[in-house]
Every structure is written in C-alpha cells, then in structure tokens.
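K.L.:
Let's have the full structure, built from the sequences with the hints guiding it.
Residue numbers (our numbering): 1 to 206.
Heads up, none of these hints are tricks.
What follows is a set of in silico ranges between Cβ atoms, one per label pair, in the way DEER data are often shown: (1) THR4 <-> THR30: 31 to 41 Å; (2) PRO37 <-> HIS120: 23 to 33 Å; (3) LEU77 <-> MET1: 39 to 49 Å.
Note that these hints are calculated values from the structure, not bench results.
Note that this is a predicted model, so its numbers are computed, not measured.
Backbone N, C-alpha and C define an ideal beta-carbon position, used for all residues, glycine too.
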Amino acid sequence: MNVTLADGLVLLQSRLAAAEQRELWLLCRTLSEGAVPMYTPTVRGGRKMSVGMLCLGKHWNGLTYQYEDRRSDFDGLAVPEIPPRLANVARAAAEDAGFTIQPDLCIMNYYSDSSKMGVHQDKDERPETIAAGIPIVSVSLGDEARFVVGGLSRRDPTSPVMLTSGDVVVMGGPSRLRYHGVTRILPGTAPHGTGPGRFNLTFRQW
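P.N.:
Below is the structure:
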C-alpha cells in the first residue's frame, strides 16, 4: 500500500514480498562481509557513528561529507559497484511513488539493537540532482525501526513513522531535503530469514 505522508514523501508499505526480503538480506550480508567490508565510520569532530556502513557506486566520506571513488577516510579501497539487482529495486520503487531515478550510489547501513541515526538532510549529491527533486529511495530490511521525519529546517518538529521489513520510503520533489533520522530499533521483530538487526539501503543519483 502506498501512503503519501507529504508532497513528495511516499511510504510504500510491504513493497517487498517476504521471499524478496530474504534474498536481499542475504545479498546485503554477503556484500558487507566481502573484499570491501562494512566498517564503522568516523565523522567530523572524531565521533564514531553507531551504524556499520558500506557504500556502493560511490563512497561517502564522513570527514569531508563528499563522495569519492575510494574510501580515503578508512582503508583506501576502491568502492564496489551497485549490484544490478539492488538498482532495479530502487528504480521500480521510485516509479511506484511517481518518480524516476538512475541510482548510481547506495549507502548501506546496518543497525544493531542500540544503533540510531541523528536527524539530518541528504544533501551531498550534485546541486542539480537535488534541485531536480530526484528522490532518495530508502529500503528497510530486518528489525522494525522508528523513523522520524521533519521539515526543511532542523528546527521543524518531527513525526514518527514505524518502518517494517520490506517497507520503502521515497523522498523527492519538494520533500527531497526533509530532515529525517532513526531513533530506535525494535529487536526481535525481523521476519524469518532476516535479522537480527536492520539493513537500510538508501539509493541516490549523484
């Protein structure tokens, strides 16, 4: 079911069937343990994030807040490509929400029971991409999460939205730069064949 939360902000509930969730969970696990493994980023000021991160297509540097082809802030390894299987998921979900995206980068985050993500904007892509309203496509797998979304200012109030495995959030158009974050993971809620924890895949067009 598609739920429009605001103009350009669409929640595709249960967008992925159970079998597809299990397939994608296994793919995420394989990627995260591969030759270019998931790691815990350090951001400006020296703080470590509470999530594990693996970037595909382009790497997001947590110290410079810029994209690059190698993980210069960690181990210097070249960034893996996005598997076509994952890119197809993002394209199809965006179309369901009324948008078009050619995803050339994906940030995969793994949330443990205690992980959170502070309220932020996704604004490090090219200015012309953001100005065009090309969406962010966010896929949830595994444990449920308490997602919060606000307005275009950090001072705007946020509203909670519970995300379950298989849900997809699309933020584009006038909602492309909405502040959002994750305040809680609900352990033990992952469907069979996924979990423990939560993988979140955010697809972007550079």
